[in-house]
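Dock chain H against the given chain B, drawing on the hints supplied.
Top to bottom, those sequences are chains B and H.
The first sequence runs 1 to 284 under the working numbering.
The second sequence runs 1 to 299 under the working numbering.
Source of the hints: derived by calculation from the structure; they are not laboratory data.
Just so you know, not all the hints are guaranteed correct.
Claimed, not checked - To give a feel for the contact side, a few chain B residues facing chain H, derived at Cβ under 10 Å:
1. E72
2. Q184
3. D187
A virtual CB, placed ideally from N, CA and C, is assigned to each residue, including glycine.
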Amino acid sequence: MHSPALFLITVVLVAILGVTGCGRRDDGVTELVITGSTTLLPIAEISSEGFEALNPDVNVLVSGVGSSAGIEAVAQGTADIGTSSRDLKEEEEGLGLIDTPVAYDGIAVIVNPANPVTALSMEQLKAIFAGEITNWEEVGGPDMRIHLVNRDEASGTREAFKKIVIGKESNFDLRAAVLPGTGQVRDVVSRTDGAVGYISLGFVESREAARDVKALKVDNIEATPVTIADETYPIRRTLHFFTKGAPSGVAKEYIDYVLSPEVQEGAVTEAGFIPITVGNEAAQ
Amino acid sequence: MSDTQQSANKMRLVSRSTLAKETALATLFFLCAFVAVLGVALIFLFVGWRAWPVFSEVGIGNFALGRVWDASNEVYGILPLIVGSVIVTLGALALGTPLAVGTAVFLSEIASPRVRSVVRPAVELLAGIPSVVYGFFGIVVLRPIVAEFSGGTGFGAFTAWVILGIMIVPTIAALSEDALRSVPDGIREASYAMGATTWQTIYKVLLPAAKIGIIDATILGMGRAIGETMAVLMVVGNAPVFPEGIFSPMPTLTAQIALNMGYASGTHRVALFGMAAILFMFSMALVAAVRWVSRLGGE
Chain B
1 MHSPALFLIT
11 VVLVAILGVT
21 GCGRRDDGVT
31 ELVITGSTTL
41 LPIAEISSEG
51 FEALNPDVNV
61 LVSGVGSSAG
71 IEAVAQGTAD
81 IGTSSRDLKE
91 EEEGLGLIDT
101 PVAYDGIAVI
111 VNPANPVTAL
121 SMEQLKAIFA
131 GEITNWEEVG
141 GPDMRIHLVN
151 RDEASGTREA
161 FKKIVIGKES
171 NFDLRAAVLP
181 GTGQVRDVVS
191 RTDGAVGYIS
201 LGFVESREAA
211 RDVKALKVDN
221 IEATPVTIAD
231 ETYPIRRTLH
241 FFTKGAPSGV
251 AKEYIDYVLS
261 PEVQEGAVTE
271 AGFIPITVGN
281 EAAQ
Chain H
1 MSDTQQSANK
11 MRLVSRSTLA
21 KETALATLFF
31 LCAFVAVLGV
41 ALIFLFVGWR
51 AWPVFSEVGI
61 GNFALGRVWD
71 ASNEVYGILP
81 LIVGSVIVTL
91 GALALGTPLA
101 VGTAVFLSEI
111 ASPRVRSVVR
121 PAVELLAGIP
131 SVVYGFFGIV
141 VLRPIVAEFS
151 GGTGFGAFTA
161 WVILGIMIVP
171 TIAALSEDAL
181 RSVPDGIREA
191 SYAMGATTWQ
201 TIYKVLLPAA
211 KIGIIDATIL
221 GMGRAIGETM
231 AVLMVVGNAP
241 VFPEGIFSPM
251 PTLTAQIALN
261 MGYASGTHRV
271 ALFGMAAILF
281 MFSMALVAAV
291 RWVSRLGGE
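Next up, chain B with everything else stripped away, as it sits in the complex (with noise of 0.2 Å):
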């Protein structure tokens, strides 16, 4: 009962793919140890399941414990790959890190089905977060008070909201709720009037939640793959796997996997993200 959620959230999943994935282990078998970002989780954990089939000598370790965790992992060598959904900081980039971008990603403003508010500016969602509007009066909605739900700090989603959208100079109002998931961050929205969040944009639409939530749309750009492909929608970022040094042996036939036709095309763009590929044609 002293773990944190997510450390549990990993046990779980390390003991889950214990006891399916292996009991070969003394018998020569690599085992992969991948962790970081929950964002990256189902990219993660569905390529490894096609590389395992593909390599049954491999056992391919996932979990997801928040880009941050992943970054010190991999720099302190107690994982071979680091997800994380935000770039390097400053002082982590002395750590030899070799970045690997997989994939893209958008980050959606949800608010409840039952807001009849549609579409908010940068300007307006800047605001909203750092605690300066608090009535969704001021953006054109009901008057009806703004419940703020925020990520916890190891976030590699608040990272990259916080760079965006707020800015160096201004703070996420600390009186916002601080969930520790993206799940949850969700669910509570879906739930909740008055309740505005951001999650992954492949979290939007969700077989299994009982609830729908709202994407807004930001400076009136809808999120979607094609706007955020193409550069138009602004809340979007890239997905990475950090290596220690340039990927090697497994690590590196893993990592071609995931960038391979078959996993970009599938789970990437099952998972709601945008192959790496995309963005890439884009650019040039």
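Only chain H this time, still in chain B's reference frame:
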């Protein structure tokens, strides 16, 4: 035969191998107790050692009395977290203590043996439910209900009070029931013989007689409430500010440590150990309070 004579006889009468076994067992039990003491000492030293730089890096005034906790901007004032922990704990006690003492009175004085055989295991089962399950119940069932009638997100002190209030019932109820049962039957009989009703006997005679035990139980329940992490983390909302009301997101020391420890480094990590040290002091104060109250009772 007196005790000393008995043990002296035993020493003389047993064989050498039995004596060796006895000595080995005594050593074994001493080692068991020693592990507990060693554990506390090591944790104390480790937390103190890792928390020590807080004095130089943050300053004890800025740390313990600082009104802003904003780790991403390297501001580490934990007063809102301390206040949050105190609010959550006191509210849970206010809800849980009457419930638990009422349960104890019912079990010890009113319930028939058959009813007792159902109620007591149920209360004991409450203690066995993992705290993450309480938290899960809180976030899935209780939070939407609270959100509905408060018009907020449902995170905050109130939700934590209800969850924690239930969680501390078994601790307080079991110890209070022990205290009530240890009141000699002669006192009950004397009260009834004077013509007192059951209720008069309970609140004029039994509760005052078991007072010390019930206060001890409450203090231990307080320790459980202030240390609880997982369930609280899931329902308080974790906004590191002084709460605006009982339905606003707020922090506690334990939840903040759990949320941050996966990634904190440098001064941030030192600050977390500083918070752990403060929780340690809370526990020591509570243990001291229990001992002090018990001694009052012994006089």
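Going through the hints against the structure:
Nearest Cβ of chain H to the Cβ of E72(B): about 7 Å, under the 10 Å cut. The hint holds. Given hint, Q184(B) at the interface with chain H, holds; its Cβ is 7 Å from that chain's nearest Cβ, closer than 10 Å. The beta carbon of D187(B) is positioned within 10 Å of a beta carbon in chain H (closest approach about 8 Å), and the interface hint is therefore held.
The structure fails none of the hints (numbered hints given earlier).
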